[in-house]
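Q: Here is how the chains run, residue by residue.
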Amino acid sequence: MSTTTPKLPTLPEPGPWSISLRTAAILLAFTVTFTALMAGAYRLTQPAIEATLEAAKLRLINEVLPSDRYDNDLLKDAITLPEVPELGISEATSLYRARRRDEPVALVFEAAAPDGYAGEIRLLLAVEADGKLGAVRVIRHKETPGLGDYIDIKKDRRKDRPWIAQFSGKSLVDPPRSQWRVQKDGGVFEARAGATISARAVTHAVARALSWATAHAEALYRWPAGQRFEKE
Amino acid sequence: MPPAHESLHVYREIAHNALWKQNPILGQLLGLCPLLAVSSNAVNAISLGLATILVMSLANFAVALLRGFIPHEIRIPIFILIIASLVTVVDLCFNAFLHELYRVLGIFIPLIVTNCIVLARVEAFAAKNATPAAAFDGAMMGVGFVWVIGLLGALRELLGQGTLFSGVEMILPGWQGLQILPEDYPGFLLAILPPGAFFVLGLLIAARNWLDWRANERAKARLLAQRLHSA
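Those protein sequence lines, which keep their order, are chains X and G.
Per the working numbering: the first sequence = residues 13 to 244.
Per the working numbering: the second sequence = residues 1065 to 1295.
Calculated from the structure, these hints are not laboratory results.
Just to be clear, a hint being listed does not mean it is correct.
Quick look at which bits of chain X chain G covers, simulated, 3 or more residues with Cβ under 8 Å [said to hold, decoys possible]:
#	stretch
1	39 to 45
2	60 to 66
3	151 to 163
For glycine and all other residues, C-beta sits at the position ideal for the given N, C-alpha and C.
Work out the full structure: start from the sequences and follow the hints.
A: Structure follows, in structure tokens:
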């Protein structure tokens, strides 16, 4: 430590200037040392963090689309989506394309419901090539614990028939678009008592995202990997 | 160097202080911010507690080691700098190696910086004591924090959802949380929401005060009996 603290000549009565300078130099030395510590920790953990993030992403994708359904490198076969109003996300996101022997299998992408009970609900969807939903998962939300958070499969108390599973296999013809509502609003999707708002928000967001993906499916599969998708 | 039995006594005193007498939560009521937010279940509470132990021992150790170089006038900014750097390192490590947990604890790991108990121990103990004792004090204060926040988390989880240690698989893959109350227990929402944290904490503090009061009364009675006996 003493190498980093500059040694000033010991004057009989150090003036206010030299005291200030000395104090500033000590503070600077501490700042440099501990910034170096943080930078070192960052460099050491960065590869592990990136690997974990990638693994977490794949695990999440696996939940909506089993990995034996496709044979391409999903994380590489991605395109960047610009801000798409239908998906409700205001920043650029990635869309992954699952293929088997170069034939389209499914699109995996994020969508958001802006009108949850407590703000945005972020979803991950897999839309299969025949227009059916593979599965939907809630990946981020702030709904009330124990009340509205059943939309998140991890918090859902009914493990045998989780709420979010009712979307699997549904498409825009089954049920028809007008039926994509919760039962309380005259649709076909159930909502649990006491927390209809969360269910309604998710149902509408899924319907919007599904219509968007089916309408643009062909272009989305065709778009060159790694490129930013532009509506034609 | 003090004699061995004396230093042992010092360490015992530090431990007793941290775990009971001046317990960060029950005695000093410090660090209530993470307490409210993270103690909704046992696993989250204990994990944040463990991170706090780590930060407190490291911070106390670092400050005690460097205390000769820290000018009195700017000690607080330097303490904060040290604590914030250590928390950043712990945060990065959580992100890299305990990612699931990192996502659950989220903002509360960085917020350990603002947990007053860390700065309080650094200022009150580490800045004035030898390095080993300071590191021990930090670790013990951390343990004092973790047992209370862990108990609080366990009680709230049990009342709120009838389980214990749910989500343990985030730290120990392959382990399972326990279902304590019957499967169809409807849950008691209040216990999980922030007000529940206040209620349960209040009861814990009351229990501690009652235990202290009882111990006091007994000591008094014993003293009285002794006096009567000798008279």
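Q: All hints, please: hold or fail.
A: Each hint tested on the structure:
Counting residues of the stretch 39 to 45 of chain X whose CB lies closer than 8 Å to any CB of chain G gives 3, so the stated coverage by that chain holds, three being the minimum. Counting residues of the stretch 60 to 66 of chain X whose C-beta lies closer than 8 Å to any C-beta of chain G gives 4; at least three are required, and the coverage claim holds. Under a criterion of three residues with beta carbons nearer than 8 Å to beta carbons of chain G, the stated coverage of the stretch 151 to 163 of chain X is upheld, 4 such residues being counted.
Checked against the numbered hints given earlier, the structure satisfies every one of them.
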